[in-house]
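So the sequences go chain by chain: D and Y.
Per the working numbering, the first sequence starts with residue 177, numbered consecutively.
Per the working numbering, the second sequence starts with residue 39, numbered consecutively.
Read the hints as simulated data drawn from the structure, not as lab findings.
Please note that the accuracy of each hint is not assured.
Facing chain D, from chain Y, some residues (calculated, C-beta under 7 Å) [to be verified]:
#1 Ile-71
#2 Ile-73
#3 Ile-126
#4 Ser-127
#5 Val-133
#6 Ser-151
#7 Glu-162
#8 Ser-164
#9 Lys-167
Listed next, the stretches of chain Y that the computed footprint assigns to chain D, with coverage defined by at least 3 CB atoms under 8 Å from CB atoms of chain D [to be verified]:
#10 48-60
#11 64-70
Counterexamples of contact, computed for chain D against chain Y with all Cβ distances above 12 Å [what the hints assert, rightly or not]:
#12 Asp-214
#13 Gly-221
#14 Ala-251
#15 Gln-302
#16 Thr-317
#17 Arg-333
#18 Gly-343
#19 Leu-344
#20 Ile-404
#21 Gln-407
#22 Thr-451
For every residue, glycine included, the Cβ atom is placed at its ideal position computed from N, Cα and C.
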Amino acid sequence: MSRIEGRGYSRPETLVSTEWVAEHLADPNVRLVESNEDPLVYPSGHIPGAVEVDWTRDLNDQIRRDYLDREGFEALARRIGITSETTVVFYGDKNNWWACYAYWVFHLFGHTNARIMDGGRLKWHQEGRELVRDIPTYSATEYSAPNREDGEIRAFRDEVLTHVDKGLPLIDVRSPEEYSGERLHMPDYPNEGSLRGGHIPGAASVPWARAVNPTDGTFKTADELREIYEQEKGLKPGDDVVVYCRIGERSSHTWFVLTRLLGYDKVRNYDGSWTEWGNLVGVPIEK
Amino acid sequence: MSRNVDTRYPEKLQDLLDTLSLMDRTGRIQLLIDIAERFESVPSDVAERPFAEEHQVPACESEAYVWVRRLEDGRPKFYFAVENPQGISAKAMAVILDDSLSGRDPKEIAGVSSDVVYEVFGRELSMGKSMGLMGMVSMVTHSAKKLLEPRS
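Working from the sequences, and respecting the hints, build out all of it.
Right under this line is the structure:
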């Protein structure tokens with residue numbers, strides 16, 4: 177894959193290469209954060225010095241369906257030893273799906289000094305780079321976070337209803353089977369979490385992983401991404417866009433692509449997503 | 039966890055669940071990683087790449103495959119492939135299913151609930167991950183049910 181700087185991204189500084197990470201392993205101003213779907217992956221071996229941020233235990237409120245609050249984020253920041261000046265580099269399994277989710281949640285608290293390692297674990301592993309099992313510990317830091325700011329990059333259901341009424345663009349990043357409503361649950365396991373299948377009216381289907389090169393997990397070039405989102409689906413950089421999936425994790429990957437790589441400045445992630453919309457009474461659904 | 043007289047799962051599987059239930063999260067994860075490291079992919083005399091789609095576990099993003107063969111006594115022996123090198127949970131699940139269900143009475147296997155995934159890995163699995171692992175269990179139990187059907 178070509179160098180990040182040569183791919184035409186609007187904000188290339190939001191991505192770092194595996195080489196860059198290897199050169200900054202001992203940099204005290206950089207904190208590597210691994211976020212995975214599979215809870216066994218980090219303990220089985222991670223980049224030296226990387227800490228784990230788990231999407232269920234660390235990023236979500238344990239009682240309500242919501243993200244952690246300011247105090248929770250400050251406690252997390254202290255635990256992983258970062259200050260507001262630390263450059264946090266996220267990476268993980270599944271083509272950085274969960275890394276982008278963590279990146280997005282950190283942005284809710286204004287921690288914008290953040291990067292994604294292009295290619296994630298897959299590329300690091302393919303390059304034969306070192307993985308260790310030692311769990312690093314860092315001295316607790318002082319971290320003062322602002323209150324969570326949901327308005328700019330997060331959408332709620334009433335806002336999505338208004339968005340639909342206005343005919344504004346939505347991107348459904350789930351699989352084609354989920355989008356069509358063909359697949360709602362596994363055979364013999366009917367409670368997948370949604371009572372209705374289909375998609376939000378007007379949403380275009382762009383499965384999230386189309387944005388990456390499957391061979392090494394790196395992001396496609398800006399031209400290749402524009403071909404998908406603009407030529408194929410008709411988005412334009414000035415559009416007000418809502419992205420969603422089932423709980424807002426896969427769509428945070430697409431949010432990263434649209435905002436950081438293609439430079440869209442008004443994209444919100446509807447994290448209620450299909451587990452909320454597919455259970456709401458009376459909302460419109462398309463199949 | 040005390041053993042009920044009427045356990046929910048075949049004995050060896052129930053023993054593992056009992057062991058896991060006594061461990062904290064770190065211990066459980068370490069044990070599951072150790073189990074995953076024992077994973078051996080399907081031997082070539084059972085299946086060779088490219089694997090047939092009918093053996094692929096639906097909804098499993100670790101690209102897991104399941105095969106069943108009858109042992110001499112007619113009981114099933116399960117084989118697995120996990121094509122994603124980072125599919126550690128899928129590998130652990132494959133080892134657990136083979137260890138605990140191969141060679142058992144198909145009736146017992148057919149009754150194993152896919153909820154066993156949560157008892158093995160805990161409730162913190164993502165929906166996608168749990169669906170994939172449950173799919174592996176469902177493929178195994180479905181295979182056992184087919185063995186119970188009268189041979190034509």
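Results of checking the hints against the structure:
Evaluation of the Ile-71/Y hint against chain D yields a held restraint, the C-beta minimum of about 5 Å falling below 7 Å. Because the closest C-beta pair between Ile-73/Y and chain D is about 10 Å apart, greater than 7 Å, the hint is violated. Taken as an interface hint, Ile-126/Y checks out: its beta carbon lies about 4 Å from the nearest beta carbon of chain D, inside 7 Å. The beta carbon of Ser-127/Y is positioned within 7 Å of a beta carbon in chain D (closest approach about 5 Å), and the interface hint is therefore held.
At its closest, the beta carbon of Val-133/Y sits 12 Å from a beta carbon of chain D; the interface hint therefore is violated under the 7 Å criterion. Contact between Ser-151/Y and chain D, as hinted, is not supported at the beta carbon level, the nearest pair being about 9 Å apart and thus beyond 7 Å. A cut of 7 Å between beta carbons decides the hint on Glu-162/Y: the least distance to chain D is about 4 Å, and the hint holds. Annotation: interface hint on Ser-164/Y holds; nearest CB of chain D at approximately 5 Å, less than 7 Å.
For Lys-167/Y, the suggested interface contact is upheld, since its CB lies about 5 Å from the closest CB of chain D, less than 7 Å. Under the rule that three or more residues need a Cβ within less than 8 Å of chain D, the assignment of the stretch 48-60 of chain Y is violated, with 0 such residues. Counting residues of the stretch 64-70 of chain Y whose C-beta sits closer than 8 Å to any C-beta of chain D gives 4, which meets the bar of three, so the coverage hint holds. Here Asp-214/D does not stay apart from chain Y, with its beta-carbon only about 5 Å from theirs, under the 12 Å limit.
In this structure Gly-221/D is not separated from chain Y by more than 12 Å, as the shortest Cβ-Cβ distance comes to only about 9 Å. The beta carbon of Ala-251/D sits about 18 Å from the closest Cβ of chain Y, which is more than 12 Å, so the claim that it is off the interface holds. For Gln-302/D, the requirement that its beta carbon stay farther than 12 Å from each beta carbon of chain Y is not met, with the minimum near 9 Å. Remark: the non-interface label on Thr-317/D is consistent with the geometry, its nearest Cβ contact in chain Y lying 24 Å away (cut-off 12 Å).
Distance to chain Y confirms Arg-333/D as a non-interface residue, since its nearest Cβ pair spans about 19 Å, more than 12 Å. For Gly-343/D, the requirement that its beta carbon stay farther than 12 Å from each beta carbon of chain Y is met, with the minimum near 30 Å. Every Cβ of chain Y is farther than 12 Å from the Cβ of Leu-344/D; the closest lies at roughly 28 Å, confirming the non-interface assignment. Every C-beta of chain Y lies more than 12 Å from that of Ile-404/D, the closest at about 21 Å, which supports listing it as non-interface.
Every CB of chain Y is more than 12 Å from the CB of Gln-407/D (nearest about 28 Å), matching its label as outside the interface. A beta-carbon of chain Y is positioned within 12 Å of the beta-carbon of Thr-451/D; the least distance is around 8 Å.
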